[in-house]
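Go by the hints and put chain B onto chain A.
Protein chains in written order, with the working numbering: chain A, 1 to 412; chain B, 1 to 265.
No lab work stands behind these hints: they were computed from the structure. For each residue, glycine too, the CB sits at the ideal point set by N, CA and C.
Taking CB as the label site, the calculated pair distances span: (1) A:259 <-> B:178: 19 to 29 angstroms; (2) B:38 <-> A:135: 50 to 60 angstroms; (3) B:205 <-> A:374: 47 to 57 angstroms.
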Amino acid sequence: MSLELRLAWRNVWRNPRRTGLTVAATVFAVFLVVFFVALAAGLHEKMIEDSVRLHSGHVMVSGEGWLENQTLEQYLHLDPSFEAAIAATPGVRGMAPRVIGFGLLSKDTATQGVALFGVDPEREGSVSTLPDRVQRGRFVSKDVPFGIVLGERLSQTLGADLGDTVLVYSVAYSLEMAYELFTVVGIVKVPEPALDRALAVISLPDAQEFFVYGDRVTEVALLAEDADAAPKLARTIAAELPRISSSPAEVHTWEEMMPELQQLIFLDDAGMYIMLVILVVVVAFGILNTILMSVLERTRELGVVLALGLRPRAVFRLIYLESMLLALCGLLIGLALAIPAVLYFEAHPVVLSGSASAGMELFGIEPVMTWKLKPWNPVGSAITVFAVAAIAALYPALKASRGRPVDALRSL
Amino acid sequence: MRASSAAIVVLLMLLADAAQGGNLEPSPPGLDARAIAEKVEEIFRGNSSYMHATMTVVSPRLPTPRRVEFRAWDDRPQKRSFIRILAPPKDAGMAFLKIHPNLWNFIPRVERTIRIPPSMMLQSWMGSDFTNDDLVRESSQLDDYDHLLLGVDPDPDTSESERAYVIEYRPHEDAPVVWGKIVSWVDAERYAPLRQDFYDENGTKLRQIRFSEIREVQGRPYPHRWSLVPLDKEGHETLIEIEEIRFDEKFDEDIFSKRNLTRRD
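Just chain B, same shape as in the assembly:
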């Protein structure tokens, strides 16, 4: 009885794997999944970056999509970042400062700075489908996961790529990670990220991020359009369109200060 149910479980797992990687080709020998993951991380993060972007939130609740424009400074080595909201007018001047492990939010209309507690990390950021955790992500897709090359997708569902490596990220036991696993598609030619599927511990796919409009920035194939679709919320989508991105700039120390939070430009 027990043996047969175990057999069924194994069978189901095999079926699930087959369904997921059904049309994958075996990967060429000598490829290291972690090396690919490293390249992706390098594209996204670099050492430091400055970004000017617009986020569009689509939801059945909203008669017209909501647009949030912001600038973001990210200092990777020192684990700190700063975000200034430029639009909509109601939220303009709002700022987020992250200095590991804290996250502060300045609200100009009430002239208050609020520290966002860890319990709020999974709440929506600015009403989008991104969470505060995505914003301050402490976990590293390199150090907190084991990487497994599932194969090569000869026909990734995007105009950006002809062939993609499919990599599964499995979090370490004690990693501060909310996902059960991440499956990532990476362009086999340029190592540009194409798509990431996020699963919970039970193997349910919760959300998908698609990366497109990949253009070269300082030698990196950088996706300028990120589309996040939460699969548990019908009709929701959050789009981030990057208008400008610069890497490896020397930042003024003053940017990552609490004083900068309350500054009005």
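Only chain A is shown next, with the shape it has when bound in the complex:
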């Protein structure tokens, strides 16, 4: 075996220039694959994280039927035992109870339909970035009753600024008319234009009073360790719910709440993988070409060893080993270059500027390129490269081992 390995190694480097070029092509391909898969992983993780931290959280517990109906009819009782049980669930990094209702906001003659977010001022920041997005003024607080924070675009359509009084108007859970004057205490800027046009944030106690909602909330948003941990956390909580919630409840992950995000990522991944497959196929032909050339050059030599009694299977193994060694060289050098590069960029995200950044901001994405090296990335690359080398070597190896010694000796 070790003899075969030594032989193969020598054969590979018989033509250093040709082998070097093929190795270089493999290195290039491995580098690109690892680099771009890491970039996609980083960008997608950031997209998910940004979206999740906009408001939904990784996991959302809500009244049964909330996702389809989104009315006050679907609620949870936020009693202390329920809160404690959720907070004590392993993997819960933050929780934000909310009352979300729909209403009208009116100032002078302007009226606008809004999504009223009743949030717990202390706990909202543990899940969403809403409190950090305040551009001017302050976020809602329990100390200032009937304060309201408006999305920037909403404040512009209404012509409402800090200190102005706006009328909030809706139908309460008790089916009476709900109306209350609120004072604008802050303006938030939310990257999602549709939400920015309709977002009005008030404090949870004010929302419960306004909607005559008692201790109810429509949802409790949770932050998991990361996006990948969401399904497991959702399952854990779903199993606990019948025991801890006094009203029918349901659990959803970010994937269920934002299917369009999931689809966008899938499409993006699909596009990238098609490019990478093309790249890998080119590399496969490079390896095929190199090995086939070296086999054809050695027709006579291979004929001699076959004539001397070397078994065809051993010849096959030899050629195969050469191909694998070639791939291994490319893979090792490629990974040695790509992994440090990716790790560097993982620590130093690239902030875009100019027209590219404007385009990304339009879609509500922060114009930052981030990388993330997940373990399956180099492992997957290695498996791919070896698989490709194995397939590419099949034809030359078969050709070499099936040759008849007599024909081989006669040629050249």
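For chain B alone, kept in the frame of chain A given last:
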């Protein structure tokens, strides 16, 4: 394959129609569905009307039904109306003014008038199962629909009538209508409305209004009790009981003014 699925669809439609009009008798010849619809519209709207009524909202959310008392002035030809809430005390003095195509709501407790935008038209009116759209209904059950006489129901499920015409209202393509169709039962003798079933575009029945306590008012058989049951919300019902109704009165112009909104009686 396609032909067979089309056949199944046709079959299902026939079955659905049969289920709906299963016990209908064919209508007598020479009857015009639109003429019947006109009579119903005339009973409801007249030229102008003044009404004093109580609305009762029943819901599983409420320990006791919620009662809202109001007066309403409706000026049909000029497409305007005015409603003043009298009770409950919390909402007393609240007023709604509709002057086509706008709807305003005055709230005395905060001394504000708010214009209700078109996007809120399908929201609940005063917490009831009626919508703002029902209140200001721009669409006309006469002009925005085609009328089709389905037949005669020999046993309408009400003590008010022995025989009823069943009419289907199909909205015109471009009509500002939220319903897919309306099926209406009309007393064959007095042409009084008995019942209306409202369907969405997919043919799902969404709500039913039953009219009862039909009493003669100025020559019209007018239902004094309307019961609306939304079929998608279990345990909900909204009842309107009309205490007084008068037709064809000459109204003071001042009633339909924004100033009247803020007046306190």
